[in-house]
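Following the hints, complete the assembly by docking chain B onto the known chain A.
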Amino acid sequence: MNSVIKGTSYILAHTPEMVLYNGTTQTTERTVNPDSEYLKELPKHLRSYEEAVAYYPNQVYIGNVTPEELAQIEMPWYDKPVEGAERFGPFGEIMPNDEFLLLIQISDEFDLVKLEADFVEKVRPALAENPVVTPAMLDRIKPGVELAEIDKFVTEEAAEPLYFGGELVGCVKRAHNIDLNLSAHVLHENLVTKASGVLSVLHALRSSDVKAEEIEYLIECSEAAVGDQNQRGGGNIAKSIAEIAGLQNATGSDTRGFCAAPAHALLEAAALVKSGVFKCVAVAGGGCTAKLGMNGKDHIKKGVPVLEDMIGGFCVIIGENDGVNPELITDYVGRHRVGTGSAPQAVISSLVTDPLEQAGLGILDVDRFSTEMQNPDITRPAGAGNVPEANYKMIAALAVMRGELERPQMKDFIAKHGVTGFAPTQGHIPSGVPYMGFARLGLMNGDFKRVMIVGKGSLFLGRLTNLFDGVSFLMEPNRGVKKEDDKAADTDEIRRLIAESMRDFAHSLMLKAEQEV
Amino acid sequence: MDLENQKRVLELSEEHGPENIVVLLGAADAEGAGLAAETVLAGDPTYAGPLTGVSLGLRVYHVCEEEVKQEFDEAVYEEQVSMMEMVLDVDDIHEEMQSFRDEYMKF
Numbered sequence: 001m002n003s004v005i006k007g008t009s010y011i012l013a014h015t016p017e018m019v020l021y022n023g024t025t026q027t028t029e030r031t032v033n034p035d036s037e038y039l040k041e042l043p044k045h046l047r048s049y050e051e052a053v054a055y056y057p058n059q060v061y062i063g064n065v066t067p068e069e070l071a072q073i074e075m076p077w078y079d080k081p082v083e084g085a086e087r088f089g090p091f092g093e094i095m096p097n098d099e100f101l102l103l104i105q106i107s108d109e110f111d112l113v114k115l116e117a118d119f120v121e122k123v124r125p126a127l128a129e130n131p132v133v134t135p136a137m138l139d140r141i142k143p144g145v146e147l148a149e150i151d152k153f154v155t156e157e158a159a160e161p162l163y164f165g166g167e168l169v170g171c172v173k174r175a176h177n178i179d180l181n182l183s184a185h186v187l188h189e190n191l192v193t194k195a196s197g198v199l200s201v202l203h204a205l206r207s208s209d210v211k212a213e214e215i216e217y218l219i220e221c222s223e224a225a226v227g228d229q230n231q232r233g234g235g236n237i238a239k240s241i242a243e244i245a246g247l248q249n250a251t252g253s254d255t256r257g258f259c260a261a262p263a264h265a266l267l268e269a270a271a272l273v274k275s276g277v278f279k280c281v282a283v284a285g286g287g288c289t290a291k292l293g294m295n296g297k298d299h300i301k302k303g304v305p306v307l308e309d310m311i312g313g314f315c316v317i318i319g320e321n322d323g324v325n326p327e328l329i330t331d332y333v334g335r336h337r338v339g340t341g342s343a344p345q346a347v348i349s350s351l352v353t354d355p356l357e358q359a360g361l362g363i364l365d366v367d368r369f370s371t372e373m374q375n376p377d378i379t380r381p382a383g384a385g386n387v388p389e390a391n392y393k394m395i396a397a398l399a400v401m402r403g404e405l406e407r408p409q410m411k412d413f414i415a416k417h418g419v420t421g422f423a424p425t426q427g428h429i430p431s432g433v434p435y436m437g438f439a440r441l442g443l444m445n446g447d448f449k450r451v452m453i454v455g456k457g458s459l460f461l462g463r464l465t466n467l468f469d470g471v472s473f474l475m476e477p478n479r480g481v482k483k484e485d486d487k488a489a490d491t492d493e494i495r496r497l498i499a500e501s502m503r504d505f506a507h508s509l510m511l512k513a514e515q516e517v
Numbered sequence: 518m519d520l521e522n523q524k525r526v527l528e529l530s531e532e533h534g535p536e537n538i539v540v541l542l543g544a545a546d547a548e549g550a551g552l553a554a555e556t557v558l559a560g561d562p563t564y565a566g567p568l569t570g571v572s573l574g575l576r577v578y579h580v581c582e583e584e585v586k587q588e589f590d591e592a593v594y595e596e597q598v599s600m601m602e603m604v605l606d607v608d609d610i611h612e613e614m615q616s617f618r619d620e621y622m623k624f
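Sequence order for the protein chains is A and B.
So for the first sequence, our numbering puts the first residue at 1; every next one is plus one.
So for the second sequence, our numbering puts the first residue at 518; every next one is plus one.
Okay, chain A solo, but in the shape it has when bound (with noise of 0.2 Å):
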């Protein structure tokens, strides 16, 4: 039996600090051009956290507006706040920077988060208020520091400061003096990946019907590499989320893949289930620094606010079939092969139509297509357009070289069978993942018969192979879990069908050799 999806989690945490001083684009500008208008200009864009809460895309992401229902709402959408937009929604939380900063401190193990004593008095009781944060998780709050002594790693260790308000309220301090993977620049890095996916894979258990003790492996698919300079990129993010998340029972580890490795650790989880390895895999991704503010310069001068300023997560917990929850299909999936090529025709085919073709099913059979989800209102001014339309555009075309679909039509099919992309820039955060807690719903509810969930990933980047990758799997409702009966029932009239096959066979070989005779 495939195993189910039993609960889904999306979260975001808003860092405008960390925009200025954690983000690619503004640290190598600050290298190169440490004077520049554009690092001027910038603080005069950053959103407000309200500003950021009331924001359609972000509010689409905790699952208080669906993306049927941003369709509707006219670009651009950073200027259309949602009226009485809540914090909390029911896939996750717009966590404050503050409390966010705190939470780094939680997920600290190794003394290297310093934070401003006074700071920290006055965030504590917020975060306790937060519903997923833990007793034990309070109780690694340390009590802070004086400012100087913050001021003095930071000017005289090579700390990472930590900002709130425009204030210097921490910093994080770096592990060796050499090891540049061990800087603090890069820890700081991993702390906040750290951080975020703690947060969703606690709001994953709020909003399941999971217990933590019940999960008993963890897969971590950020694109974050934890080690020193002899390990670089050796892990595991997963089993230090784990830790500090009250996994008791879990161990884990990292899958890598760039974009697509949410949907390469989905398809491990399942795997891992249905296999009867582990009765429960949770897989989560935390947010990263690097891409905060990564079109800032497009977007200033376009006169859009700085977009970029949230931290994304999402957890998803795969369970045995009980019966209930939507099932992660895996008789047939969808993967970029090496030999498949790097051609958009090419890429599109593997991951879609072949695992369809597996199935014995058409393009127009799937509800839903949750491809690359990255939110239109921070690409286009970018330059980059609307990705996933230009995904469902491609989807659509194949549908019409198959037959499935006259031209004129390929409008209507991307407005039914497309999503309106609301998700963050966070290279993995998405791909493909990002509607999973929509498309759980929307399949419990019967509203989705089928919903494909598509993972993509450049590995170029990493200059070590050109290749394109992708995976992709289906979402479908649950068939209801058969009993050993039913399975007796089944294998009886398995039988009865080759009884009757071998029966019409041999009564047509009789009938030819009459013939011949």
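Please keep in mind that the hints were generated in silico from the structure rather than gathered at the bench.
Just so you know, not all the hints are guaranteed correct.
[As the list claims (entries may be wrong)] The list that follows gives simulated cross-link-like pairs (lysine-lysine, DSS-like), each with its CA atoms no further than 30 Å apart:
| # | chain 1 | residue 1 | chain 2 | residue 2 |
| --- | --- | --- | --- | --- |
| 1 | A | Lys-301 | B | Lys-524 |
| 2 | A | Lys-279 | A | Lys-301 |
| 3 | B | Lys-586 | A | Lys-411 |
| 4 | B | Lys-524 | A | Lys-297 |
What follows is chain B alone, placed relative to chain A:
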């Protein structure tokens, strides 16, 4: 156009002579195609890469333009490009490319 690709185009032009080079693009929109065309024709408009101030004037086409489409094996084109031809605004791309070719193409 990405800096590494600019470097490759420059090196290939120096090695084989710009008159012997044809650049084929696969950009997803007219703006992107135009930018890349401008780079290998007039020089890098962003003043960031090796083609800054280098006016190669190379022959440059988008893979969906009629001028190059007829050079392909029909079956290969059908298998590799026809889907994107349906998706892209080919007229728009051609217009943009042609405007740069008219102004800067040397061969």
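Hints versus structure:
1. A:Lys-301 with B:Lys-524: holds, 27 Å
2. A:Lys-279 with A:Lys-301: violated, 51 Å
3. B:Lys-586 with A:Lys-411: holds, 26 Å
4. B:Lys-524 with A:Lys-297: holds, 24 Å
Checked against the numbered hints above, the structure violates only hint 2.
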